[in-house]
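Using the sequences provided together with the hints, build the complete structure.
Numbered according to our numbering, the sequence shown spans residues 1 to 406.
Derived from the structure by calculation, the hints contain no laboratory data.
Among the hints, erroneous ones may be present.
Claimed, not checked - Straight-line Cα separation of at most 20 angstroms, EDC-like style, residue types lysine to aspartate or glutamate; simulated pairs:
{"#": "1", "residue 1": "K169", "residue 2": "E200"}
{"#": "2", "residue 1": "K85", "residue 2": "E95"}
{"#": "3", "residue 1": "K103", "residue 2": "D68"}
{"#": "4", "residue 1": "K85", "residue 2": "E3"}
{"#": "5", "residue 1": "K229", "residue 2": "D105"}
{"#": "6", "residue 1": "K8", "residue 2": "E75"}
{"#": "7", "residue 1": "K132", "residue 2": "E303"}
{"#": "8", "residue 1": "K14", "residue 2": "E75"}
{"#": "9", "residue 1": "K276", "residue 2": "E190"}
{"#": "10", "residue 1": "K85", "residue 2": "D63"}
{"#": "11", "residue 1": "K195", "residue 2": "E393"}
{"#": "12", "residue 1": "K11", "residue 2": "D68"}
These figures come from a predicted structure and were not determined experimentally.
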Amino acid sequence: MIELAQLKVEKNVKTIDLSTHSRTRRHRNLKCIPVALPIQQQLMVVIPQNGKPSASHQPFPSDVIYFDCFQSRIEVLSSLMRPKKLSILGSNGKEYSFLAKPKDDLRKDTRMMDFNHMMNWLLARHPESRKKNLCIRTYAVTPLTEECGVIEWVPNMKGLRQILQVYYKDVDSVPSNQMILDKFNKNLNEVEKKKVFVEELLPSFPPIFHRFFLGEFRMPVDWYRARLKYARTLAVMSMVGWVVGLGDRHSENILFDSVSGECMHVDLACLFDKGKTLEIPELVPFRLTQNLIDGLPGACGNEGIFRIACELTMHVMRENRELLMNVLESFVHDPLLEWTQKKQTDLKRMAMENISRRLAGHDTDSKGQPKSTHTLSVQGQVNEVINQATCPENLANMYIWWMPWY
Numbered sequence: 001m002i003e004l005a006q007l008k009v010e011k012n013v014k015t016i017d018l019s020t021h022s023r024t025r026r027h028r029n030l031k032c033i034p035v036a037l038p039i040q041q042q043l044m045v046v047i048p049q050n051g052k053p054s055a056s057h058q059p060f061p062s063d064v065i066y067f068d069c070f071q072s073r074i075e076v077l078s079s080l081m082r083p084k085k086l087s088i089l090g091s092n093g094k095e096y097s098f099l100a101k102p103k104d105d106l107r108k109d110t111r112m113m114d115f116n117h118m119m120n121w122l123l124a125r126h127p128e129s130r131k132k133n134l135c136i137r138t139y140a141v142t143p144l145t146e147e148c149g150v151i152e153w154v155p156n157m158k159g160l161r162q163i164l165q166v167y168y169k170d171v172d173s174v175p176s177n178q179m180i181l182d183k184f185n186k187n188l189n190e191v192e193k194k195k196v197f198v199e200e201l202l203p204s205f206p207p208i209f210h211r212f213f214l215g216e217f218r219m220p221v222d223w224y225r226a227r228l229k230y231a232r233t234l235a236v237m238s239m240v241g242w243v244v245g246l247g248d249r250h251s252e253n254i255l256f257d258s259v260s261g262e263c264m265h266v267d268l269a270c271l272f273d274k275g276k277t278l279e280i281p282e283l284v285p286f287r288l289t290q291n292l293i294d295g296l297p298g299a300c301g302n303e304g305i306f307r308i309a310c311e312l313t314m315h316v317m318r319e320n321r322e323l324l325m326n327v328l329e330s331f332v333h334d335p336l337l338e339w340t341q342k343k344q345t346d347l348k349r350m351a352m353e354n355i356s357r358r359l360a361g362h363d364t365d366s367k368g369q370p371k372s373t374h375t376l377s378v379q380g381q382v383n384e385v386i387n388q389a390t391c392p393e394n395l396a397n398m399y400i401w402w403m404p405w406y
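So, in structure tokens, the structure goes:
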């Protein structure tokens with residue numbers, strides 16, 4: 001899998017025939033090697049219901065699915081690093097897909113997924129969040145080296161940009177990328193950017209994300225359930241992402257399940273407010289643009305089910321502050337490459353201080369700096385970050401291809 005992940009391909013190549021590569025051909029059949037497939041259902045540890053150790057308890061599934069063979073056809077994706085979609089036949093006769101990513105350290109993604117599993121466990125224990133089925137959509141991430149790894153391919157997922165581009169084809173007023181660049185030239189100040197964003201750009205992109213649910217879920221009960229799941233999964237990950245400083249939430253890093261309506265975040269490496277240190281700093285705590293609000297159920301937008309789920313998630317996180325801080329300590333002690341540099345020596349301390357401050361309910365501005373020493377209520381804290389996420393001034397000053405108008 002390391003060889004396949006690091007296999008160099010030409011720019012115009014879209015598929016690879018595994019049987020034609022001498023380096024990888026010998027590894028197609030793996031029946032003689034009892035290696036378990038790195039899928040989520042096999043990597044999840046099941047804790048005993050009573051919390052006590054037992055000799056009869058099985059923490060992992062007993063019916064393990066092993067590698068059988070690689071399928072010959074490999075799809076090469078068009079993104080910058082040219083990741084490859086691998087298809088592997090399991091010992092149970094079913095086909096499983098994985099994304100092999102080169103030149104990408106997936107250890108932070110793995111740690112973040114561990115944190116998400118912990119959050120799901122806490123949400124399942126809390127009676128109110130369990131009643132509303134609050135959770136984070138997770139998947140398996142397996143680092144192979146410091147520079148490559150594989151990610152479990154989740155079926156039926158569509159990216160926000162992919163969805164919106166289809167529906168915006170029917171809108172006549174949508175400007176081209178060059179027209180958008182011309183509007184947001186570098187000479188504009190913050191006030192001028194806000195004016196162009198609110199008065200020119202937003203009217204050109206009317207919110208249409210609700211059409212995704214109308215198109216994918218034709219039965220009224222399915223449509224309603226899908227929007228509920230969408231609102232709640234979006235809310236949970238918005239709060240969790242804000243607490244740990246998750247950035248880079250552009251329109252291709254947020255996916256939606258066309259079967260259940262659930263929201264799923266990918267590419268979780270931009271952590272600990274790293275987005276605020278970029279050349280064009282990220283000013284919003286999470287993505288809550290006009291189209292994401294348009295998909296929320298009810299006439300109240302983000303004032304209904306979404307806000308309630310946000311408040312409940314923050315309540316659970318603040319209630320379990322010490323436990324979550326202990327889990328996040330693993331980030332600090334993991335020898336990540338970017339933390340070995342001398343100029344990053346204070347990053348560990350600052351990261352934990354910011355997370356601790358948020359879990360304690362202290363008010364911060366859009367740059368992550370403390371606004372006061374007062375402790376906010378859960379409702380007040382959620383209200384503050386939602387206001388920051390939807391503030392037109394913050395959105396207008398984001399990196400242009402973060403696409404705040406989407």
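Cross-check of the supplied hints:
A hinted pair counts as satisfied when its Cα atoms are at most 20 angstroms apart, and K169 with E200 qualifies at roughly 19 angstroms. Of the pairs offered as hints, the one joining K85 and E95 holds, with about 12 angstroms between alpha carbons and a cut-off of 20 angstroms not exceeded. Taking the CA atoms of K103 and D68, the gap is about 27 angstroms. The hint is violated against a cut of 20 angstroms. Of the supplied pair hints, the one linking K85 and E3 holds, its CA atoms being roughly 14 angstroms apart against a limit of 20 angstroms.
Our distance criterion of 20 angstroms between C-alpha atoms is broken by K229 and D105, whose separation comes to about 31 angstroms. A hinted pair counts as satisfied when its Cα atoms are at most 20 angstroms apart, and K8 with E75 qualifies at roughly 13 angstroms. For the suggested pair K132 and E303, the alpha carbons sit about 17 angstroms apart, so the restraint of at most 20 angstroms is met. Distance hint between K14 and E75 is fulfilled; the C-alpha atoms sit about 6 angstroms from each other, no more than 20 angstroms.
Distance restraint check for K276 and E190: the Cα-Cα separation of roughly 17 angstroms lies within the 20 angstroms cut-off, and the hinted pair is therefore satisfied. Between the alpha carbons of K85 and D63 the distance comes to roughly 26 angstroms, so the proposed pair goes past 20 angstroms and is violated. With a C-alpha separation of about 9 angstroms, the suggested pair K195 and E393 falls inside the 20 angstroms cut-off, and the hint holds. About 30 angstroms separates the Cα atoms of K11 and D68, which puts this hinted pair outside 20 angstroms; it is violated.
In this structure, the earlier hints numbered 3, 5, 10, 12 are contradicted, and the remaining ones agree with it.
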